[in-house]
Amino acid sequence: EVQLQQSGAELVKPGASVKLSCKTSGYTFSNYYMSWLKQMPGQNIEWIGNIYGRNGGTGYNQKFKGKATLTVDKSSSTAYMDLSSLTSEDSAVYFCARSGYSWYFDFWGPGTMVTVSS
Amino acid sequence: DVALTQSPATLSVTPGERISLSCRASESVDTYLHWYQQKPNESPRLLIKYASQSISGIPSRFSGSGSGTDFTLSINGVELEDLSIYYCQQGNNLPLTFGSGTKLEIK
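Just so you know, the sequences run in chain order A and B.
Going by our numbering, the first residue of the first sequence is number 195, and it counts up by one from there.
Going by our numbering, the first residue of the second sequence is number 87, and it counts up by one from there.
Each hint should be verified, as a subset may be incorrect.
To be verified - Here are a few chain A residues that face chain B, going by a calculated C-beta distance under 10 Å:
| hint | residue |
| --- | --- |
| 1 | 237 |
| 2 | 253 |
| 3 | 287 |
| 4 | 289 |
| 5 | 303 |
If you're looking for bench data, these hints aren't it; they were derived computationally from the structure.
Note that CB positions come from ideal geometry on N, CA and C, so glycine has one too.
Sequences are here, hints too, so could you generate the full structure?
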């Protein structure tokens with residue numbers, strides 16, 4: 195059974211950074227891409243970028259370049275996303291979601307809520 | 087970026103109705119258009135891929151159609167458990183983009 199387990203909710207101060215994790219199981223990590231997506235309360239879903247499990251190759255939405263950095267640890271089948279210089283506009287739920295080359299998301303993590311507040 | 091416009095924003099339905107939700111792309115996305123269902127406080131669930139292809143485990147009352155710029159998600163006999171927000175997503179061009187969603191509510 196494919197599972198994506200995300201790290202717990204974060205409360206962070208403005209200007210700080212945070213690292214979110216997405217631990218996977220039930221499939222061959224290196225054969226798929228992992229995307230990260232942002233959803234602000236009551237808002238649309240935005241694609242941040244993706245990373246290929248095999249070689250760590252990344253692609254980013256221009257809007258999030260400089261804000262998000264994606265990495266993987268193949269040994270633990272875990273994907274990570276670093277968010278830097280946080281502001282209130284970064285307060286949102288962040289999902290990880292699996293895709294193949296076909297760019298649709300067949301499995302999603304439960305989401306991690308990030309709250310940026312002093 | 088490819089913009090996806092979903093209509094209506096909200097649809098009031100009666101259980102048992104057949105309904106259609108629309109997704110229009112700002113440029114052709116061929117059939118690289120996918121549909122998701124999101125219930126409150128849950129992550130989205132893939133309903134339809136490549137505009138019209140069914141997904142294992144998804145009830146057969148959900149179907150999709152369209153190509154190019156105009157797409158439709160149909161629910162043949164809405165059930166109470168279908169009350170959710172429905173999003174379309176294009177996978178033809180980077181960055182991947184989503185529509186703003188259609189919320190299904192009870193009439």
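Holds or violated: residue 289/A as interface residue toward chain B, Cβ cutoff 10 Å?
Holds. Min distance 6 Å.
Once the shortest beta carbon distance from residue 287/A to chain B is found, is it less than 10 Å?
holds, 9 Å
Residue 253/A as chain B interface residue, shortest Cβ-Cβ below 10 Å
holds, 6 Å
Under 10 Å is the threshold here; is the Cβ of residue 237/A close enough to any Cβ of chain B for the hint to stand?
Where the cut-off is 10 Å and the nearest Cβ of chain B is about 8 Å from residue 237/A, the hint holds.
Holds or violated: is there a CB of chain B closer than 10 Å to the CB of residue 303/A?
holds, 7 Å
Checked against the numbered hints above, the structure violates none of them.
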